[in-house]
Amino acid sequence: MHGFESAFGLAFGLLFSADADLMEIIALSLRVSLTALLVSCLIGLPLGALVATCRFWGRSALLVLMNALMGLPPVVVGLIVYLYLSRAGPLGWMQLLYTPTAMIIAQTILITPIIAALSRQILEDLHEEYSEQFRSLNVPWPAEIAALLWDGRFSLITVALAGFGRSIAEVGAVIIVGGNIDHLTRVMTTAIALETSKGDLPLALALGLVLLVIALTVNALAFVMRQAASKFAYA
Amino acid sequence: MSTVLPLRVEDLTLILGGEKLIDGLSLTMAEPGISVIMGFNGAGKSLFLRLLHGLVPQTSGSIHWAGEGNSENMRLRQAMVFQSPILLRRSVAANIDFALKVRGLGSVRRRDELLELVGLSHMLERPARLLSGGEQQRLALARALSCRPEVLFLDEPTANLDPASVALIEDTLKGAAADGMKIIFVTHDVGQARRMGAEIVFLHQGKLEEQSPASTFFTRPVSRVSQAYLAGRIVV
Numbered sequence: 000m001h002g003f004e005s006a007f008g009l010a011f012g013l014l015f016s017a018d019a020d021l022m023e024i025i026a027l028s029l030r031v032s033l034t035a036l037l038v039s040c041l042i043g044l045p046l047g048a049l050v051a052t053c054r055f056w057g058r059s060a061l062l063v064l065m066n067a068l069m070g071l072p073p074v075v076v077g078l079i080v081y082l083y084l085s086r087a088g089p090l091g092w093m094q095l096l097y098t099p100t101a102m103i104i105a106q107t108i109l110i111t112p113i114i115a116a117l118s119r120q121i122l123e124d125l126h127e128e129y130s131e132q133f134r135s136l137n138v139p140w141p142a143e144i145a146a147l148l149w150d151g152r153f154s155l156i157t158v159a160l161a162g163f164g165r166s167i168a169e170v171g172a173v174i175i176v177g178g179n180i181d182h183l184t185r186v187m188t189t190a191i192a193l194e195t196s197k198g199d200l201p202l203a204l205a206l207g208l209v210l211l212v213i214a215l216t217v218n219a220l221a222f223v224m225r226q227a228a229s230k231f232a233y234a
Numbered sequence: 000m001s002t003v004l005p006l007r008v009e010d011l012t013l014i015l016g017g018e019k020l021i022d023g024l025s026l027t028m029a030e031p032g033i034s035v036i037m038g039f040n041g042a043g044k045s046l047f048l049r050l051l052h053g054l055v056p057q058t059s060g061s062i063h064w065a066g067e068g069n070s071e072n073m074r075l076r077q078a079m080v081f082q083s084p085i086l087l088r089r090s091v092a093a094n095i096d097f098a099l100k101v102r103g104l105g106s107v108r109r110r111d112e113l114l115e116l117v118g119l120s121h122m123l124e125r126p127a128r129l130l131s132g133g134e135q136q137r138l139a140l141a142r143a144l145s146c147r148p149e150v151l152f153l154d155e156p157t158a159n160l161d162p163a164s165v166a167l168i169e170d171t172l173k174g175a176a177a178d179g180m181k182i183i184f185v186t187h188d189v190g191q192a193r194r195m196g197a198e199i200v201f202l203h204q205g206k207l208e209e210q211s212p213a214s215t216f217f218t219r220p221v222s223r224v225s226q227a228y229l230a231g232r233i234v235v
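Here the protein sequences come in this chain order: A and V. As numbered in numbering that gives the first Met the number 0, residues 0 to 234 make up the first sequence, in order. As numbered in numbering that gives the first Met the number 0, residues 0 to 235 make up the second sequence, in order.
The hints are simulated quantities; they were obtained by calculation from the structure and are not laboratory data. Treat the hints with care, as some may be off.
Ranges between beta-carbon positions, derived for each pair [claimed, not checked]:
#1 G68/V x S130/A: 20 to 28 Å
#2 L208/A x D161/V: 54 to 62 Å
#3 G68/V x V74/A: 35 to 43 Å
#4 L75/V x S59/A: 41 to 49 Å
#5 A163/V x I42/A: 21 to 29 Å
#6 F3/A x E124/V: 49 to 57 Å
#7 E124/V x L61/A: 37 to 45 Å
#8 S196/A x E124/V: 51 to 59 Å
#9 S59/A x G16/V: 44 to 52 Å
#10 T58/V x W56/A: 38 to 46 Å
#11 T218/V x S130/A: 19 to 27 Å
#12 L49/A x S70/V: 24 to 32 Å
#13 L208/A x E124/V: 54 to 62 Å
#14 L29/A x G17/V: 55 to 63 Å
Backbone N, C-alpha and C define an ideal beta-carbon position, used for all residues, glycine too.
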């Protein structure tokens with residue numbers, strides 16, 4: 000118990016002294032996860048809107064696939080990306096393995112289905128509500144999509160935050176394609192796994208605390224936004 | 000003056016789920032002004048309005064506006080106000096701006112004039128969904144009018160509204176009709192139909208039961224079903 004308490008003390012010490020190694024790991028984690036989130040939103044939101052508003056052959060199968068992909072095992076994604084990016088793989092010539100870019104690719108693959116599937120549900124409900132008015136006004140399809148994305152923005156921000164939560168807490172894929180290399184691809188989750196296995200609990204705990212604070216902040220932000228939007232009947 | 004008249008509907012039929020909801024309906028509307036569609040619940044009034052506006056495709060039959068079939072191009076010359084207003088999750092002003100932008104008619108002045116007309120000019124930035132029922136319906140009417148339609152459809156636009164909102168909407172519609180707009184609206188309110196209608200189209204079980212000038216319909220209804228409706232009797 001004493002060791003546990005001293006580990007906490009050391010963890011807070013690292014945090015309050017803004018330890019350089021710790022800050023580097025936090026910064027890289029945020030850079031990788033936020034970039035993956037941005038790319039996922041750029042792909043997932045239009046895809047979700049497309050599936051929400053269009054009726055086409057195979058749509059039901061696509062819906063099942065999108066929902067199933069939300070539960071993609073990170074290690075499997077990591078393995079597939081590894082195979083593609085490894086020297087012998089089809090994209091080996093790009094020399095991306097064990098770089099932050101490879102980690103971004105893996106996380107993008109993991110969270111794009113989440114963004115697409117959750118946004119599809121939100122946008123489909125909104126489209127159901129608006130569709131008759133849109134047809135009455137003869138709203139062109141691109142304007143329809145833009146209006147749905149704009150009017151659904153508060154709910155979609157919650158979706159994005161869910162995607163961010165998944166990516167920042169993910170360890171399986173990034174450790175395979177990033178390699179957990181110090182000062183290059185070490186992020187919070189992989190560092191926690193490594194430091195715990197080494198018995199360096201203070202750093203692991205400090206990183207764990209930061210992860211918890213980020214998770215809490217993300218959820219608080221989502222809550223506040225939903226509350227504000229509901230208050231003004233925009234959600 | 001409306002250039003989409005006459006409206007000719009021939010043998011219009013709509014079958015949904017194996018049920019004939021509109022049954023071989025034929026009529027002509029040649030005069031501008033206000034035509035009121037009446038009938039018992041389930042008579043097909045709202046469906047008929049949606050068919051005329053092109054929101055629901057007919058199973059058979061035809062709809063022609065001044066000889067032109069019901070197309071997307073024709074819908075650009077029409078607008079509709081639904082019984083439950085469908086408002087965007089935006090401010091009052093943004094709801095009108097959206098319609099103006101989509102129709103390529105954007106102008107702040109036009110928006111402000113319309114909101115003034117329906118008594119909402121002091122609520123520009125208020126979230127549309129926080130308005131009262133009457134205010135929401137007036138906003139929906141202003142948005143429809145912003146499209147400068149030649150034909151305006153309204154599906155029970157004043158159902159459950161307070162008398163002040165009803166009067167404002169009626170006055171706005173009378174003004175639009177006086178400017179040459181063709182207005183076709185559904186109502187169950189006999190008093191309102193008397194006040195507003197130049198002609199009454201009475202539907203029963205998806206069929207045209209009677210089409211008469213309002214003065215005739217309310218004094219000497221021809222059809223037995225119309226007589227029962229006006230007398231407040233239920234017809235099975």
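Results of checking the hints against the structure:
1. At about 23 Å, the beta-carbon gap between G68/V and S130/A stays in the expected band of 20 to 28 Å.
2. Between L208/A and D161/V the Cβ separation comes to about 57 Å, which falls inside the hinted range of 54 to 62 Å.
3. Distance hint check: the CB atoms of G68/V and V74/A are about 59 Å apart, inconsistent with the given range 35 to 43 Å.
4. For the hinted restraint 41 to 49 Å between L75/V and S59/A, the CB-CB distance of approximately 34 Å leaves it violated.
5. Roughly 51 Å separates the CB atoms of A163/V and I42/A, a value that falls outside the hinted 21 to 29 Å.
6. A hinted range of 49 to 57 Å holds for the C-beta pair F3/A and E124/V, which are about 55 Å apart.
7. The hinted window of 37 to 45 Å between E124/V and L61/A holds, with their beta carbons roughly 40 Å apart.
8. A C-beta distance of roughly 57 Å is found between S196/A and E124/V, which places it inside the suggested range of 51 to 59 Å.
9. Separation of S59/A from G16/V is about 21 Å and departs from the stated range, judged on CB atoms against 44 to 52 Å.
10. Checked against the hint of 38 to 46 Å, the C-beta distance between T58/V and W56/A comes to roughly 23 Å, which is inconsistent with it.
11. At about 42 Å, the CB distance of T218/V to S130/A disagrees with the hint of 19 to 27 Å.
12. Judged by the Cβ atoms, the range 24 to 32 Å given for L49/A and S70/V holds: they are separated by roughly 26 Å.
13. Taken as a hint, the range 54 to 62 Å is violated for the pair L208/A and E124/V, whose Cβ atoms sit roughly 42 Å apart.
14. Roughly 58 Å separates the CB atoms of L29/A and G17/V, a value that falls within the hinted 55 to 63 Å.
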